[in-house]
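Generate coordinates for the entire structure from the input sequences, incorporating the hints supplied.
If you read the protein sequences in the order shown, they are chains A and B.
Heads up, the first sequence is in this note's numbering, so the first residue is 44 and it goes up one at a time.
Heads up, the second sequence is in this note's numbering, so the first residue is 1032 and it goes up one at a time.
None of these hints come from the bench; they were simulated from the model.
Each residue gets a CB set at the ideal place from its N, CA and C atoms; glycine is no exception.
Keep in mind that a hint or two might mislead.
What the hints assert, rightly or not - These stretches of chain B come out as covered by chain A in the derived footprint (C-beta under 8 Å, 3 or more residues):
(1) 1058-1072
(2) 1107-1121
(3) 1136-1142
Claimed, not checked - Negatives, chain A to chain B, calculated, CB over 12 Å:
(4) I179
(5) G200
(6) I267
As the list claims (entries may be wrong) - For each label pair, taking beta carbons as the anchor points, the in silico distance ranges come out as:
(7) B/E1148 - A/L115: 58 to 64 Å
(8) B/S1128 - A/G203: 32 to 38 Å
(9) B/S1096 - A/I104: 54 to 60 Å
(10) A/F144 - B/A1100: 31 to 37 Å
(11) A/A228 - B/R1153: 32 to 38 Å
(12) A/G203 - B/E1148: 39 to 45 Å
(13) B/G1157 - A/I148: 45 to 51 Å
Below, each chain spelled out in residue letters.
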Amino acid sequence: MISNSAAHIALRNRARSLVVATTGSMSLAQTTTGFSRASGSFVTDGFVAGMELVPAGFSTIVVGIITDVQALTMAVTGTRAAIAAAGSRSLTVGLPTLRAFENQIFTPDPLRPYVVEEYSPSTSEMVGYPDAGSTIKETGDYFLTWHGLTAAGAITGGFGAAALRQCVDALKLLFAPGTILVAGAHTVRVRRNPAPQTGQIIPLATGAALQLKVPWWALSPNTIAA
Amino acid sequence: MAFADEWKRITVKVLADTQAVFTGVVADVNSSIAFGSTVTGSPGQPVDEGILRASWGTTWQSPTSALVASGGAAAGYNMQNEDGIARPGGGPYIQRSAVGGRHSVSKTIDGLPRIVEDVTKRLGLGQ
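Written as structure tokens, this is what we have:
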């Protein structure tokens, strides 16, 4: 049988690797209202208002919510000191930094997006004979529920669906059907039918939630202990 | 027996078998969602007073159509028991029942081919 612990970690690590949008390493400046660049475009890089932005390479790192995106400037919530442009810096939107992983104490922050994970095994059956050494097929689901913000900072009328949809779409791409993940001694495969799917954006008093379902399956040899 | 008579006998049996499979599948879908199932991996509905579990029922719309649905007194919380998204306030959804779990509808839909296979075997059809 597979190690559910290893399978869970493999799926989680895949989610952790998410990059929704990034500048890559480049010269960036920090302003009191956000960030600026001299060339390229934040718009083309895929940043959208409502996403959680994580800076890297700056002397002080303040995670914030994007409230406006222009080609050369980006407004972000939070208080920052101006820092002159310099290289080897980046701005990235990935999996929310607040993560409600299973069986961990978690308190949501109403001003930050967060993600909730559920690892949920479904079925387990022998698919061959004899029992010893034959194959066990196991299936299950990995659910990731992205809780996005409806409003923040200067945005009082709502961010709309784009940020939440684009983040979860990028997450879904990480789990394309047929994706193979190493889980200890075995491999976990993302199912083709049903394939990963997202649902409807659920409006909540504190924001909006969108769930990604990743069906998986795995084969392992049946070992009978002496 | 004439060929036409034989063909008619086969047709009648196929229709009867199809109806039996459909009836069995609908019953198992309802049971998988409400009570859980090893065939689909559905955990079934959480149970406190049993209102949620009892809210699931089947409406036979025609010989080839049935609706398995929940509502009534559980309409305010049946969806959050399915997807784990606490409505309307958001925040963590905590299951307090030791029985049942989440995503029973989702897992039942995923497991529908297995339900059909299982019902077909039980009826002595197919394999």
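CB-CB spacing for A/I104 and B/S1096 relative to the 54 to 60 Å hint: About 57 Å separates the Cβ atoms of B/S1096 and A/I104, which means 54 to 60 Å holds.
With a C-beta cutoff of 8 Å, work out whether three or more residues of the stretch 1136-1142 of chain B approach chain A closely enough for the coverage to hold. holds (count 5)
Cβ distance range 32 to 38 Å for B/S1128 and A/G203, holds or violated: At roughly 37 Å between Cβ atoms, A/G203 and B/S1128 fall inside 32 to 38 Å, so the hint holds.
Taking the Cβ atom of B/E1148 and the Cβ atom of A/L115, is their distance within the range 58 to 64 Å? 59 Å, holds
Given coverage of the stretch 1107-1121 of chain B by chain A, checked by CB-CB distance under 8 Å (3 or more): holds (count 8)
Holds or violated: 32 to 38 Å for the Cβ distance of A/A228 and B/R1153? Hint holds: Cβ distance 36 Å, inside 32 to 38 Å.
Looking at A/I267 again, its CB stays over 12 Å from all of chain B? 21 Å, holds
Please check whether the beta-carbon of A/I179 is more than 12 Å away from every beta-carbon in chain B. 14 Å, holds
Okay, A/F144 versus B/A1100 on CB: inside 31 to 37 Å? 33 Å, holds
Is 39 to 45 Å respected by the C-beta to C-beta distance linking A/G203 and B/E1148? At 44 Å between Cβs, range holds.
Range agreement (Cβ of A/I148 with Cβ of B/G1157, hint 45 to 51 Å): 50 Å, holds
Apply the coverage criterion to the stretch 1058-1072 of chain B and chain A: a residue qualifies when its Cβ sits closer than 8 Å to a Cβ of the chain, and three qualifying residues are needed. Contact hint for the stretch 1058-1072 of chain B vs chain A: holds, 4 residues under 8 Å.
Going down the numbered hints, you'll see the structure goes against none, and every one checks out.
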